[in-house]
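**Student:** Construct all of the structure, not just a fragment, from the sequences and the given hints.
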Amino acid sequence: MIDRAPSIPTKCGKRTPIAAEGSFDEPLSEIVYCTGCPDEDLRLRRLHYAAFEIYTVEKKFVAQLELIAVKYPEFIAQYGEACGCDLLKPSVSGDTHLIRRISVQLLMVKEAHKVLLEKISARIANWDSRNPNMAECLKNGAGFLKYCLPYLKEKTKHVDDLLRLLQDNEELKRATAKVKLVCVCVCVCSSVCMYMCVCVCVCVCVCVCPSAFCPTFST
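Its first residue numbered 5, the sequence shown is counted upward by one per residue in our numbering.
A portion of the hints provided could be inaccurate.
As the list claims (entries may be wrong) - When the alpha-carbon atoms are kept at most 30 Å apart in a straight line, the in silico DSBU-like pairs for lysine-lysine are as follows:
1. LYS177 with LYS157
2. LYS143 with LYS123
3. LYS118 with LYS64
4. LYS64 with LYS159
5. LYS143 with LYS157
6. LYS157 with LYS182
7. LYS177 with LYS159
8. LYS75 with LYS157
9. LYS123 with LYS75
10. LYS63 with LYS161
11. LYS143 with LYS63
12. LYS118 with LYS182
13. LYS150 with LYS161
14. LYS150 with LYS75
15. LYS64 with LYS161
16. LYS182 with LYS63
17. LYS64 with LYS143
18. LYS118 with LYS150
Calculated from the structure, these hints are not laboratory results.
**Tutor:** Pasting the structure below:
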């Protein structure tokens, strides 16, 4: 389970939950390591925070991909229906609408990162910096890159085409403004730093307001 409460090392040597279930994403404030060496305790505590930050960033990244790849196209389609038009219809030449093409590519990225998130969650739930094992989440993870390549190869073109599309289609521009989707440029490279400098990158360039997705529309 992604949202179960993690446990932390304590001075007495036992492991106790950080907080009640459902607070997995709250800041860690009571992490204590007692090795007999203050410098080592500080290093372990910082590593614990870093490991938790990896989980937090990855979870937010997956949520943002869900908003862009799923919620945004759904909202545009529903908005068009409410206005009596199809804002996501294929082009005159029969090509799939740009927003749907972007959605398909980002869904591939989302599913790959969803798997990674589940692995990271399982590790962080019982994290102990004295025995770091985050690298296990990344083992054999090179295959994930193939899910990101289709979007990365066309990212710049997608951004230019989308901006042009919004300029040419006033209704689509208005619908996009209603969901406050300021930038549909998602840079799929992820930033993950951990013990022994094992790194994998993931970075997002997106600004979405979830509260804007509502069941009623005004024109």
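**Student:** Now tell me, hint by hint, if it's right for this structure.
**Tutor:** We went through each hint and held it up to the structure:
no. : hint               : result
1   : LYS177 with LYS157 : 25 Å, holds
2   : LYS143 with LYS123 : 11 Å, holds
3   : LYS118 with LYS64  : 11 Å, holds
4   : LYS64 with LYS159  : 21 Å, holds
5   : LYS143 with LYS157 : 25 Å, holds
6   : LYS157 with LYS182 : 29 Å, holds
7   : LYS177 with LYS159 : 20 Å, holds
8   : LYS75 with LYS157  : 23 Å, holds
9   : LYS123 with LYS75  : 25 Å, holds
10  : LYS63 with LYS161  : 27 Å, holds
11  : LYS143 with LYS63  : 19 Å, holds
12  : LYS118 with LYS182 : 28 Å, holds
13  : LYS150 with LYS161 : 19 Å, holds
14  : LYS150 with LYS75  : 24 Å, holds
15  : LYS64 with LYS161  : 25 Å, holds
16  : LYS182 with LYS63  : 25 Å, holds
17  : LYS64 with LYS143  : 22 Å, holds
18  : LYS118 with LYS150 : 15 Å, holds
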